[in-house]
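K.L.:
Build the complex from these two chains, which are given one at a time in their own frames, with help from the hints.
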Amino acid sequence: AQSVSQHNHHVILSEAASLELGCNYSYGGTVNLFWYVQYPGQHLQLLLKYFSGDPLVKGIKGFEAEFIKSKFSFNLRKPSVQWSDTAEYFCAVNANTGNQFYFGTGTSLTVIP
Amino acid sequence: DAGITQSPRHKVTETGTPVTLRCHQTENHRYMYWYRQDPGHGLRLIHYSYGVKDTDKGEVSDGYSVSRSKTEDFLLTLESATSSQTSVYFCAISESRGGLKRFTEAFFGQGTRLTVV
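Chains A and B, in that order, give the protein sequences.
Using the working numbering, you'd call the opening residue of the first sequence number 1 and step up by one each time.
Using the working numbering, you'd call the opening residue of the second sequence number 1 and step up by one each time.
Check each hint, because a few of them may be wrong.
Over 12 angstroms on every C-beta distance to chain A, these chain B residues come out as not near it, computed from the model [what the hints assert, rightly or not]: (1) V19; (2) T26; (3) L45.
Derived CB-CB ranges, DEER-like [to be verified]: (4) B/V52 - A/I112: 44 to 54 angstroms; (5) A/E15 - B/Y50: 19 to 29 angstroms; (6) B/E79 - A/I68: 40 to 50 angstroms; (7) A/A16 - B/Y50: 39 to 49 angstroms.
Selected chain A positions facing chain B (Cβ under 10 angstroms, derived; list incomplete) [unchecked claim]: (8) N32; (9) Y39; (10) L46; (11) W83; (12) T86; (13) E88.
Worth flagging that the hints you see were computed from the coordinates, not collected in a lab.
All figures in this text were calculated on a predicted structure; none of them were measured in a lab.
Each residue gets a CB set at the ideal place from its N, CA and C atoms; glycine is no exception.
Chain B on its own, in the form it takes in the complex (with noise of 0.2 angstroms):
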């Protein structure tokens, strides 16, 4: 498997707090992403980063930010936790490969079980 290391791996919050979730690689992959899996949904990707301080939304990035100072480290926040945000999220790494930009496949992290109440 991939180094990639989700913290925490369950967490129970209240609705308006900050929450920050973590992503932590070890394989030096340029690219990483937040996704959140809900049933009937899928995969849906949050945000993404395609280099350190490189960020860009994904389609549910309402309510969520995201950071990344070093090339290992991933941070999702939701800024003020709602029910609607409990889920199962799951953090991704890539790379390109070649002059043609070709990604390897995505690889996975354990995901983190998040409940808002």
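Chain A with its partners taken away, still in its complex shape (with noise of 0.2 angstroms):
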């Protein structure tokens, strides 16, 4: 099976601040890379995703995330967060040859104006 690990549990950042949130998934084959967001009493919103080519994704409201293959590594950045950005952000991971999806616990985000 495979496993997600998400090393930050809450972050406090002041407004202006760079994000980067960590995300290490277990599995030696080809997999597709996903970073969701949870907005407060909302429901999982995709932030980007990864199935191929260039390890450096871009995804909505300046979000980017880096593929490092070789660490088995997806971590999320954002080079200035808004208060807006306050939420839960869960990495999660899908075999290219399976069905599953595996979720992190998530990394809860406070953005101080």
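P.N.:
In structure tokens:
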């Protein structure tokens, strides 16, 4: 079975600070990788996804993530966070030949105005 | 947003009673999933379906059953609700594309908040 680790459980930043959230997965084969965001009281929405090609993926709202195969990592970044980025962020992995999605435990981000 | 509707959105039930949650999709996606979300645990897969009448267990399937008699509907049943099943339940859908069975992202419903008292 695959597993996903998100090392930062709760992050607090001031507006305009830079963000990096870590995500590591355990699976030796080809994977598809995702970052989802969940705003308070809402469902999960896709931020960005990686299937193949350029390992630097750009998503919505200025987010980007970099896939580093040798490190089994897919870290999420944003150069300058806003108060509206306050949310919970989930990393997910899906094996290229599998039909299940595995999620990390999430990182709660609080941005202070 | 993908056409996924979960019902009910909120439910309070008593311990020992059966409860059925419904997920309805209008995207004609083959794959459907039920997750539960709990603080500190993220999302955990309960059951999933890969076609009509084709289902399989996830990592936290004990106490839950599912059925899929039509492509568009995936039902989750708590056979005898317990307080440990108080949670937020999310339905998700996905599809495979191309000969390499590459999956799309998972699209999520709005969630059902279930409280077992």
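K.L.:
Please go over all the hints and tell whether each is borne out by the structure.
P.N.:
Results for each hint:
{"no.": "1", "hint": "V19", "result": "holds, 20 angstroms"}
{"no.": "2", "hint": "T26", "result": "holds, 16 angstroms"}
{"no.": "3", "hint": "L45", "result": "violated, 6 angstroms"}
{"no.": "4", "hint": "B/V52 - A/I112: 44 to 54 angstroms", "result": "holds, 49 angstroms"}
{"no.": "5", "hint": "A/E15 - B/Y50: 19 to 29 angstroms", "result": "violated, 44 angstroms"}
{"no.": "6", "hint": "B/E79 - A/I68: 40 to 50 angstroms", "result": "holds, 44 angstroms"}
{"no.": "7", "hint": "A/A16 - B/Y50: 39 to 49 angstroms", "result": "holds, 45 angstroms"}
{"no.": "8", "hint": "N32", "result": "holds, 6 angstroms"}
{"no.": "9", "hint": "Y39", "result": "violated, 12 angstroms"}
{"no.": "10", "hint": "L46", "result": "holds, 5 angstroms"}
{"no.": "11", "hint": "W83", "result": "violated, 23 angstroms"}
{"no.": "12", "hint": "T86", "result": "violated, 17 angstroms"}
{"no.": "13", "hint": "E88", "result": "holds, 9 angstroms"}
When held up to the earlier numbered hints, the structure conflicts with 3, 5, 9, 11, 12 and fits the remainder.
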